[in-house]
Structures are given as C-alpha cells and as structure tokens.
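Chains as they are written, first to last, in this note's numbering: chain A, 1 to 331; chain B, 1 to 287.
Since the hints were derived computationally from the structure, they do not count as laboratory data. Heads up, a few of these hints could be off.
To be verified - Quick partial rundown of chain A residues pointing at chain B, CB under 7 Å, derived from the structure:
(1) M111
(2) E118
(3) N126
(4) I166
(5) L196
(6) A198
(7) A200
(8) F285
To be verified - Below, a list of computed lysine to aspartate or glutamate pairs in the DMTMM-like style, where the Cα atoms sit at most 25 Å apart:
(9) K313(A) to D188(A)
(10) K264(B) to D187(B)
(11) K264(B) to E220(B)
(12) K187(A) to D87(B)
(13) K90(B) to D188(A)
(14) K264(B) to E128(A)
(15) K264(B) to E190(A)
(16) K264(B) to D175(B)
(17) K90(B) to D187(B)
(18) K90(B) to E128(A)
(19) K264(B) to E124(B)
Every value quoted in this text rests on a predicted model; they were computed, and no experiment measured them. Backbone N, C-alpha and C define an ideal beta-carbon position, used for all residues, glycine too.
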Amino acid sequence: MRRTLWLLIALALVVAYPLVFTTPFQQRLGALVLLYAIAASAWNIVGGYAGQISVGHVVFFGCGAYAAMGAYTHFALSPLVGIPAGIVFAVLIAAVIGRPTLRLSGHYFSMATIAVAELARLIVTNTEYLGAAVGLSGPTVARNVFDLSFISALPYYYLFLAVLIITLAITWWMTRSRMGFYLRAIKDSERAARSLGAPASRIKLYAYMLSAGLTSVAGALYAMMFGFVDPESGLGILISVKILIMAALGGAGLLFGPFVGAAILVPLEEISNSLLGGKGAGLTFVVYGAIIVLIARFQPGGILALINRLWAKRRAKPMDESIAQEAGHAS
Amino acid sequence: MTFTLVQVIVGGLLLGAVYALFSSGLTLVWGMMNVVNFAHGDFVMLGMYVAFVVYTLLGGGPLIGAPLATLLLATLGVIVYFGLIRDIMKGPMLAQILGTFGLALLLRYSVFWWFGANFLSLPENLVGGTFDIFGIRIQASRLLAGVVALVVTLALHLLLTRTTLGSRMLAVAEDATAAQLMGIRPDSMQAIAWAIAAGATGLAGALIATFFYIVPTVGETLGIVAFVTVSLGGFGSVPGALVAGLLIGVIESLSGYLIGAVYKDIVVYSLFLGFLWFRPQGLMGKT
C-alpha cells in the first residue's frame with residue numbers, strides 16, 4: 001500500500017517535470033532521461049533478470065533507428081511505421097544470434113555480443129542502402145503530425161514516458177509470471193534450474209527477444225527525436241556501454257534501477273558536454289569509466305540496492321533489539 | 001603476384017607475432033585467475049602512446065620507448081591488480097565485466113581527452129628503411145617488432161614452464177588454497193602475472209607504434225584481436241596464443257589484400273564469432 005502511494009507520487013513528479021522546468025534544455029534533458037531509461041530497462045530484462053551481460057544491445061537499438069529512418073527515406077512513410085518493422089527485425093536477429101550466443105556463459109557471452117555489435121556496425125558502414133558512413137535522415141519538415149518531427153521536446157517527453165511505463169509494466173508482468181521465476185532460478189544457478197526441469201535455453205532466448213524488441217523501440221524513438229541515424233549514433237559500442245552502465249549504476253535486476261541510473265548519468269553527461277564543449281566528450285566518458293569501476297569495486301548491486309539495504313536495516317533495527325532481548329531472557 | 005602474396009604473408013606473420021605477444025598476456029591472466037580483462041587492448045594502446053611521447057619529448061626510438069612502456073605498463077598492471085582485480089575477482093560476473101570495462105573506458109577516454117581523437121603516427125624512418133630479402137621487401141620497423149615479439153613470447157613460455165617462478169604461478173592457477181599451504185603467496189603470484197601480462201602489452205604497443213596508426217580507440221580493435229587469438233589458441237595457453245596470433249595476422253593481411261582493407265576486421269570478427277558459436281566446448285577449457 002505504502003509502495004503504491006510512493007509510486008503515484010513519483011509518477012506525479014515525473015509527469016509534472018516538464019511543466020515546472022520549461023526551458024528547452026531542461027525539457028530535452030528530461031526526454032533524454034526517459035529515452036535512456038527505456039533502453040536501460042529493456043536491457044535489464046536480459047542483463048539484470050536473466051544475468052546475461054549483453055554488451056551488444058546497440059544492434060537492436062540500431063534496428064529500430066534504421067527502420068524508422070529507412071521507412072521515411074526509402075518509402076516516404078512516417079517513421080512511426082518503422083517501429084513495428086524495427087521490432088520485427090530486432091526480434092528476428094535476437095532469435096538467430098541468441099541461439100548460439102546464449103549457450104556461452106559469462107565472459108564468453110559478453111565478448112560474443114561485442115563482436116556481433118561491431119560486425120553490424122562495420123557491415124552497415126559499408127552498405128549503401130543504409131546510407132553507409134553518412135547514415136539516413138528523417139523528414140526535415142514535418143508533413144503531418146505522424147512524422148513525429150517536433151521542435152519542442154515536450155511531445156517527445158510524454159511519448160517517451162508512455163513507452164517507458166509500458167516497458168516497465170511488461171517487465172513487472174514478466175517478473176510476476178512463470179518466466180520471471182524461471183529467470184531468477186537460472187540466474188542463481190543455471191545447472192540447478194536445468195536439473196529441476198526449467199527450460200533454461202528457451203527462457204533465456206525469450207528474455208533476449210523481448211529485450212531486443214523493446215530496445216529497438218528506444219532506437220526508433222531516438223532517431224525520430226534527432227532526425228537522423230548514422231553508424232556511430234545508431235550502432236556505436238558506446239551506446240551499448242551507456243545502456244549497460246545506467247542499468248548497473250541504478251541497480252541491475254531491479255524494476256526501477258535503470259530509471260534511477262539514467263536519471264543520474266544523462267544529466268551528468270549533458271551538463272558536462274554543455275559546460276566543456278567539444279572537449280567534454282572525452283571527459284564525460286572518463287567520468288563514466290571511473291563511475292563503473294567504483295560501482296564494480298564497492299557496490300556491484302547498484303545504488304537502488306544500496307538504498308533498499310539501508311532502508312531494510314533501519315526498519316529491521318527494533319526487531320534486532322527485541323531478538324536480542326529475547327535471547328537475553330532465554331539465557 | 002606470387003612475390004606480392006609472399007610479402008603479404010610475411011607481413012601478416014610479423015604483425016601476428018605482436019598479436020601473439022599481447023594475447024599471451026590476456027591468456028595468462030585468464031588461465032590463472034579466470035578473469036577476463038576487457039581493458040587489455042587499451043593497455044596496448046597505452047604502450048603505443050608511451051612510445052609516441054618518448055619520441056616527441058626525447059626524440060627516442062623503440063630502444064628507449066619499448067623498455068619504458070614495458071616498465072610503466074607492468075607497474076600499471078600491479079596497481080590494477082591490487083586496486084581493482086583482487087576484489088572483483090571474487091564478486092559476481094557483472095562486477096568483473098563492469099570493472100574491467102570501466103577501466104577500459106577510463107584509459108581510452110583519458111588518452112582521448114589529452115591527445116584528442118586525431119590519428120597520430122611515428123615517422124617512418126624512425127627504425128631505418130626497408131630490407132630486400134630474396135626480392136621480398138620488408139620494413140625494418142615491422143621486422144624488429146615481429147622478431148622481438150616472437151622472442152619475448154617464447155621467453156614467456158619458457159618462464160612459465162621451466163622456472164621456479166613459473167611453477168609457482170601454475171600452482172596458484174591450479175589451486176590457490178593448496179598453493180598457499182605449500183608456502184606460495186597467491187597474492188604475489190597473481191600480482192606478478194598482472195605485471196607480466198600488462199608489461200607484454202606495453203612492449204607490444206611500443207613495437208607496433210613504429211608502423212601502426214596511433215589513436216585512442218585502437219584498443220577496442222586490438223582487444224577483440226586478443227580475444228580472437230585466445231579463443232582460437234585455447235584458454236590459458238601461451239604456445240596456443242603464439243600459433244593463433246600468427247594465423248590471425250596472416251588471415252588479416254591476406255583478406256585485406258585480397259578483398260579490401262575495410263573487410264579485414266569483418267573477416268576477423270566473423271572468425272571469432274564462428275569459433276565461439278561452433279566450438280564453444282573447446283573454449284570452455286577445464287571446467
């Protein structure tokens with residue numbers, strides 16, 4: 001009950017944010033936080049809940065981004081049409097590469113996903129149909145509202161919020177379903193889960209496909225907001241890394257972890273970029289790197305896990321004392 | 001035609017020897033501690049920049065650059081071991097991957113921030129001229145890099161198999177607790193392994209800097225090359241890394257020559273995925 005109340009308050013704050021902070025910079029920042037929160041939450045399904053650390057999720061992000069811009073460039077359709085197309089491509093790619101890749105455990109899986117992402121980037125960079133090194137552009141002037149080409153960031157903000165809520169609802173539903181239980185069992189010990197009859201390979205593949213589809217939506221939305229996609233912005237390894245770091249910083253395997261991570265790192269990046277200009281790009285990633293090293297070293301569960309633990313400790317304290325007293329009585 | 005082909009193969013072998021050198025560092029740490037260093041390629045990149053700085057500040061060639069890069073990177077390896085690896089080794093998989101990945105970003109973008117994203121290179125005549133052996137032209141810089149890398153990789157193999165230190169390190173790799181009971185400190189052995197692994201990358205970086213392009217993101221490509229080499233050569237095996245490194249050097253050179261330079265990375269990455277996908281049982285090693 002308390003939890004629902006807190007959630008409603010948080011939701012009200014998120015809905016009110018662009019109405020309170022009205023400068024273009026602030027609204028754009030808010031929209032970007034939500035966008036990365038979508039991507040990181042999608043990653044969380046396979047990276048957090050299933051424990052398969054994918055460093056190649058940008059492949060799916062790129063599927064969405066290229067499908068959205070391709071729908072406009074090649075078929076003069078609304079980029080919105082690219083969303084379902086992107087989902088189909090991403091899920092198909094996930095199904096094809098997922099089968100052999102998910103058999104690999106731990107480091108091997110992460111390395112294979114990096115190789116897949118780099119391979120995709122190299123192939124697209126050499127494919128004329130996908131704009132090669134230059135990339136594809138969206139509509140410069142909106143023909144109608146379905147082109148989703150707005151000057152203000154406000155419409156994007158609410159669009160992204162709606163998609164984020166859907167993504168989190170799907171994640172929540174998944175964790176409560178049979179699949180969620182299987183995933184937790186697989187993450188704890190795949191061998192034990194298998195020996196108890198959990199269809200581990202199939203469940204991991206489903207999680208991977210679901211995560212891929214949702215990531216491609218984030219990619220499509222990104223391309224719509226920026227109006228173009230090129231190999232670096234649509235398939236660069238740094239996007240995978242950003243998504244992963246946001247989820248890990250907030251708390252991988254926790255429903256709101258990725259959102260918390262995005263809400264910390266996106267403003268950090270945007271502000272450091274605007275303060276430092278072109279030179280900031282390098283420095284931002286130095287800070288990113290330092291943050292991940294520190295999380296890995298001191299708080300591998302992420303910030304939200306730390307907060308939850310402190311919270312639980314505070315509430316558990318009186319209980320500890322009563323237990324101590326009882327123990328005293330007994331002796 | 002045949003002469004050009006032979007020349008391409010020789011060039012591939014010489015570059016492959018350097019690949020073998022830095023990959024044997026990765027395979028050593030991997031085999032000994034079951035930790036994968038995602039920053040390995042960036043260590044090589046640092047070695048290249050050390051060589052570059054040595055040249056711009058002191059005007060020195062690889063004779064000064066290579067030992068200095070080896071020493072500096074070995075020190076960095078020890079620092080990284082005690083500061084990060086020792087703790088994340090025992091942690092969850094996510095922490096291990098994040099930790100070394102974060103380190104990679106930290107190193108790559110510190111260099112990016114300091115030197116910029118421009119392609120740098122050392123003057124071509126730093127290591128004098130070109131040899132002509134039976135009509136095959138070989139740049140002296142490539143010959144030096146290949147030969148030194150080959151010798152050092154073989155020396156590393158001898159160190160691991162023929163000396164007391166090597167036996168101790170293997171004992172720790174086999175069972176750290178048992179080794180400790182025999183009076184071997186796992187901590188020291190693992191720190192030495194990191195010093196050797198990182199030192200090898202420093203040396204390799206300083207050697208290829210004499211003919212390779214120098215750019216902060218080069219570590220990403222080289223890191224993947226190291227992963228391919230290790231997965232091909234077998235987990236924890238230095239001789240395996242040597243054979244695989246030479247093979248990859250040749251494959252890369254040939255595909256660059258026969259199908260075009262832009263496709264050589266595509267060939268190497270596909271090869272890597274092919275190996276991971278179709279021969280994973282060979283990669284899983286002892287476990």
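**Unsatisfied constraints (hint numbers, rising)** = Numbers 4, 5, 6, 7, 10, 15, 16, 18 - these are the hints that the structure violates, sorted from lowest upward.
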